[in-house]
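Heads up: the sequence lines are chains A and B, in that order.
For the first sequence, the numbering used here assigns the number 205 to the last residue and increments by one with no breaks.
For the second sequence, the numbering used here assigns the number 474 to the last residue and increments by one with no breaks.
Mixed in with the good hints, there may be bad ones.
Below are the PhoX-like pairs computed for lysine-lysine, each with C-alpha atoms no more than 20 Å apart in a straight line [to be verified]:
(1) K385/B <-> K435/B
(2) K435/B <-> K197/A
(3) K411/B <-> K319/B
(4) K66/A <-> K38/A
(5) K123/A <-> K194/A
(6) K113/A <-> K319/B
(7) K150/A <-> K319/B
(8) K113/A <-> K467/B
(9) K96/A <-> K123/A
Simulated DEER-style distance windows between Cβ atoms [what the hints assert, rightly or not]:
(10) I439/B <-> G176/A: 46 to 52 Å
(11) G157/A <-> V470/B: 32 to 38 Å
(12) D153/A <-> E355/B: 52 to 58 Å
(13) V268/B <-> T31/A: 18 to 24 Å
(14) E272/B <-> D134/A: 36 to 42 Å
(15) E272/B <-> L94/A: 36 to 42 Å
None of these hints come from the bench; they were simulated from the model.
All C-beta atoms, glycine included, are put in the ideal place defined by N, C-alpha and C.
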Amino acid sequence: MVRVVVFDYAVGNLRSIKNGLERSGAEVLITSEIAEIKKADAIVFPGVGAFPEAAKWLSSTADPIKSFIASGGALLGICLGMQLLLTMSTEGGLYKGLDYFKGLVVRLPSNVKIPHIGWNTIKIRDYGCPLLEDISDGSLLYFVHSYYAKMSDVEVGSIDAETLYGVVFPSVISKGSVFATQFHPERSGEIGLKILKNFIQYIRR
Amino acid sequence: MLTKRIIPCLDVKQGRVVKGIGFKELKDAGDPVELALKYYEQGADELVFLDITASYEGRGILVSLVERIADVLYIPFTVGGGIRSIDDIRRILRAGADKVSINTAAVQNPSLIKEASEIFGSQCIVVSIDVKRVYTDEEQSTDKTVVKMENGYCWWDVYIYGGKQSINMDALKWAERAVKLGAGELLVSSLDFDGTKQGYDLILLKELSRRVSVPIIASSGAGDLDHILKALTIGGADAALAASIFHYGQYTVGEVKQYLAKHGVPVRL
């Protein structure tokens, strides 16, 4: 059984991601205790809440998380959880992220309605990304966010899929054993569940 | 491309889905969990669950029912009715809702919108506004946004407690204020059109669309496919919510979407 720890760093719905991962065959623990990382095959940064709250949690847990990744542990960041993996965010001030991906989290442009809410298409750039196995180009996934991950030039190779909403932004990124999606796979119907399943499959290999 | 959303709405009273006319004359329409699953399978883009008497009866939402519904869905799920505090919101989100819809409490205590959006993020705070047209002979008013209609003028009044109490407040101005305070979406229902199957209040939707910068969910009045098409095109709404047409099997969610796609509206099929 693959053991996944979902970090409870904010306030919001964690039930749907737990259900989604369990349906994909994982054993799921929701916790804010960083010590639980020792027993985990993979960790998930869920996608709810605002950056400042989550950054507070991250400031005291960044080191064990970094060593978990360095030793080959897998990580999936969802929505806000993806943004936490970047260098810094401008949401509600300036807050440090994990800096695993170089880049800045910035607000969506004001020529579109904010938040970006609803089902939008992804344009796949890297079909080799394990998360996107058997996912077609142009698939619709559920987004709900006001900020996006503006990746630095050095991260071109980390972008696996993009989405257009006022601006073209990365909707799936990965590097090594770390994956992240701007959309919510746990709220994207059967396609989203397939992506979660792909993540669990990746851990098994 | 971002698609327009079709959202079945479960109005729940004492654990059963009900549907009325103008928020009254409630009829039983089925079991909420069964209906939720049915709409998920039909391709609903989201689901809204409103405990319609919670606020009026001064009690909280049925958390266990929220959990049971959340467990069968893999689409976003909004819960409303009787939400009055940050703790209420936390409890509902913990139970598996992705967003909460706040109506009466937002009117009575607007700072709740601000506080909630700062803690949970704007994206999960839906402000629900129930309105009713007030016809007037006056072309202008000092405190109301008067709009020219085919035959005269009108403004929209805000109602609270599930459509039971008028508060003599301009709905368009309230909508703008709610967005400034941090509402991530507006869910707009019309007491004039609810349950009538005469179509959505398109003039209201148009007025709202050009005033606010967040997504608008149109509600009340869907009777046929064309009504939904018009709410999303002429009305400029980002999502259409409907209840009766789905509960009584008049259309499936899929049929609605097929029709929209045929008329050039981007939808998730």
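Which numbered hints does this structure break?
1, 2, 3, 7, 8, 9 and 14
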